[in-house]
Amino acid sequence: SLFLCSLFSLHTILIHSIALIFQSPLLPSLSFHSHFTGRFFLIAGKMANAASGMAVHDDCKLKFQELKSKRSYRFIVFKIEEQQVVVEKLGDPSSSYEDFMASFPANECRYAVYDFNFTTNENCQKSKIFFVAWSPDTSKVRMKMVYASSKDRFKRELDGIQVDMQATDPSEMSLDLVKARAI
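Under mature numbering (1 follows the signal peptide of the UniProt record, and there is no 0), the residues of the sequence shown are numbered -19 to -1, 1 to 164, in order.
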């Protein structure tokens, strides 16, 4: 019984600490309910987004579907704004990889998808959709934490990602590396 109370206290402190770090509206919505004999506790509230605190704007999914099925865009850059992921920039189909690379700010995190066309060793034309999590070393620690904690949930919203990349500087997503990952 003492062990369960200690465990509950640590869990409560952890949840409150995470909520404070991300300044999420999680704290006011937490409610504690006893389960069975009162020794086990469940936390109810806004737990769906508790890990990241982020929502995904519908436009993100819509534009991604257009990139994937209609090839309307070469790339999409996303940013987190007011606790939701939104579309920041759309690259038209004729955009180059250099245009894509120029879309990333030097000291702020971003997510992006890139529709990469390539020729295989067998001389076949193919395409793969890359997901890039851009987190430069010069970005603020809090921003890095928010983007890192939201990444997996956001990626799940974009069905059809074929290659996942993490980059902290441009050399980690050079065209040569992208080609190597595609083949």
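Errors might be hidden in some of the hints.
As the list claims (entries may be wrong) - Computed list of lysine to aspartate or glutamate pairs in EDC-like fashion (alpha-carbon distance at most 16 angstroms, straight line): (1) 109 to 96; (2) 109 to 150; (3) 125 to 150; (4) 70 to 89.
Source of the hints: derived by calculation from the structure; they are not laboratory data.
Kindly indicate which numbered hints from before are broken by the structure, ordering the numbers from low to high. Violated: hint 2 alone.
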